Amino acid sequence: MAPGTSSLGWLAAATVCVALVVTGCGGGSSSSAPATAGSTDPQTAENSQSANGDAEGGSNEKAGGETEGGTQTERGGGIAEKKNPPVEEPEGPSENGVTKEQEEKVPTAKIILTVPHGLRTDNTCKGKNVSPEISWTDVPPGTKELVIFAVSVEPVSEKLFFNWAMARVDPSVTSVKEGEVPEGAVLGRNGDGTNGWSLCPKKSGPESYIFTVYAIEQSLSPEEGFDPLGFRVKAGKASEEIGFAGVEFSG
Amino acid sequence: MRSKMTRVILAGVLALVAMGSVFSASAGAAPQWKFNGTALTGTEDIVGAAISSSLTIPGMTTTCEHFLYNMKIENAAGTGKGSITELPLFECHTASGKCTVEAIGAKKLPWPTHLTTISSNQYLIVEGVEVGILYGGAECALSEVEILVKGTAGGLISNETETATFNSSTFTTTGTKLKVGATAIEWNGVFPTEGFEWHREQALSVG
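Chain order of the listed sequences is A and B. FYI, in the working numbering the residues of the first sequence are 157 to 407. FYI, in the working numbering the residues of the second sequence are 29 to 235.
If you are wondering where the hints come from, they were derived from the structure by calculation, not from laboratory data. Just so it is clear, the structure is predicted and the values come from calculations on it, not from any experiment. A virtual CB, placed ideally from N, CA and C, is assigned to each residue, including glycine. A couple of the hints might just be wrong.
[Stated by the list, open to error] Non-contacting residues of chain B with respect to chain A, defined by C-beta distances greater than 10 Å in every case (computed):
hint, residue
1, 58
2, 102
3, 106
4, 124
5, 144
[Said to hold, decoys possible] Derived lysine-lysine pairs resembling DSS-like cross-links, with alpha carbons at most 30 Å apart:
hint, chain 1, residue 1, chain 2, residue 2
6, B, 207, A, 261
7, B, 207, A, 256
8, B, 126, A, 393
9, B, 207, A, 315
10, A, 261, B, 100
11, B, 207, A, 393
12, A, 333, A, 256
13, B, 100, A, 390
14, A, 256, B, 62
15, A, 266, B, 126
16, A, 358, B, 136
17, B, 135, A, 266
18, B, 178, A, 390
19, B, 62, A, 358
20, A, 256, B, 178
21, A, 393, B, 136
22, B, 100, A, 358
23, B, 135, A, 393
24, B, 100, A, 315
25, A, 256, B, 135
26, A, 266, B, 62
27, A, 315, B, 126
28, B, 136, A, 333
29, A, 333, B, 100
Could you build the full structure based on these sequences and the hints that come with them?
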């Protein structure tokens, strides 16, 4: 969608006209609109009619034409009072969807990544503190290597906390078993300052973690103990597709 | 003898067909869009703004202050159908404060819709949902990747309040899901329905 272009005309008409409908001013049929609950306020009616006059013509013409001669009543057998609140007219432009330019700069979550058993106590420092099993499908052809990250949704000490960073994973690999490091892969430094997996929930309630697998189109070949924060940016620029999985640990 | 047996079999088959049509008529009368109690003929545009709407990727909820929509509806082959044609979103933000919404928008519109009845309740099914989201923020775990929310959404229609409500319960009942990859996404929303063109101010119901 390109709401910034196609929607604005519609939006201008829609917000004004829906407001008119709700306030009971009858939209394009202001001269012949049936009286409804909201239309008794002459000020509102006057403002709405003025706004209606300024609104784009397409929809109003249709509605106005339809209501001439009381066809609404004929069709419906009576006018029902609407129950829903008025539509607020949003201020400012609508959100832009992700543009082609943005799509070219960042990878898109298309690879199907799963954490089949979720996170268990053994995956935390209350247990063995080993990485969970993960698996993925739909790695695009031409991928040179895979990079895997696990990040806490909640930052720790105002910083993004990496629970896991693993690079140089062969693109033919489609899963990593619990606690496993595939042959040839290297581990980055986690938030606790060690290489490999670490997860120590900071609170008793549920916490969420984001797993990503990046399909790198050129070999970046980082060394063991690489800095995941900077490397994630590089990985993002060197890949068009990633896998995404959100997992909650409840303790 | 053979012809008598054939007649008996034929009569049995006809009886079964007749019974089947009776049962299917009573159990599966397809829901239709109605204005002031009369089945819609032709098409109508439904326009509205969500009373509330939020999308939760595990650990992070995204809310849009204004969530407008335009749905074209009709009754085709005895069943309420339609398509969501526009979905402008305004002032979207996350609850975390660490992630900003750099871009968000519906993709691949129109999304086809249809009505269905489950356990005497009417549901609106929206197929082909696809929303692209780009988060930003140095401390955001989801930043710098385009998240694609895809799937089918099922919402409960209330004729009393003229709304469609989407939540985990309605998704479960309708067997629908929204996902990012294989991760289930929670979507909560209450959407009023409002005839915009030919049936303005008429009560919209499904039945």
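Here's how the hints hold up against the structure:
1. 58: 22 Å, holds
2. 102: Non-interface label stands for residue 102(B): nearest chain A Cβ at 15 Å, farther than 10 Å.
3. 106: Its Cβ never comes within 10 Å of chain A, the nearest being 20 Å, so this holds.
4. 124: Per Cβ check, residue 124(B) is inside 10 Å of chain A; nearest 7 Å; violated.
5. 144: For residue 144(B), whose nearest Cβ neighbour in chain A is about 23 Å away, the distance exceeds 10 Å, so it holds.
6. 207(B) / 261(A): 23 Å, holds
7. 207(B) / 256(A): Cα-Cα ~22 Å, so holds.
8. 126(B) / 393(A): 22 Å, holds
9. 207(B) / 315(A): 28 Å, holds
10. 261(A) / 100(B): Since the Cα atoms of residue 261(A) and residue 100(B) sit roughly 35 Å apart, the hinted pair is violated (cutoff 30 Å).
11. 207(B) / 393(A): 25 Å, holds
12. 333(A) / 256(A): 37 Å, violated
13. 100(B) / 390(A): 44 Å, violated
14. 256(A) / 62(B): Not OK: residue 256(A) and residue 62(B) at ~41 Å, beyond 30 Å, violated.
15. 266(A) / 126(B): Roughly 24 Å separates the two Cα atoms, so the pair holds.
16. 358(A) / 136(B): Violated, at about 41 Å.
17. 135(B) / 266(A): The given pair, whose Cα atoms are some 15 Å apart, holds under the 30 Å limit.
18. 178(B) / 390(A): Satisfied, since the Cα-Cα distance of roughly 27 Å is no more than 30 Å.
19. 62(B) / 358(A): Answer violated: residue 62(B) to residue 358(A) is near 53 Å, above 30 Å.
20. 256(A) / 178(B): 19 Å, holds
21. 393(A) / 136(B): Holds: residue 393(A) and residue 136(B) sit about 26 Å apart, inside 30 Å.
22. 100(B) / 358(A): 49 Å, violated
23. 135(B) / 393(A): 23 Å, holds
24. 100(B) / 315(A): Distance ~46 Å between residue 100(B) and residue 315(A) Cα, so the pair is violated.
25. 256(A) / 135(B): 12 Å, holds
26. 266(A) / 62(B): Answer violated: residue 266(A) to residue 62(B) is near 40 Å, above 30 Å.
27. 315(A) / 126(B): 10 Å, holds
28. 136(B) / 333(A): With a Cα-Cα distance of about 37 Å, the restraint between residue 136(B) and residue 333(A) is violated, given a limit of 30 Å.
29. 333(A) / 100(B): Violated, because 49 Å separates the two Cα atoms, which is more than 30 Å.
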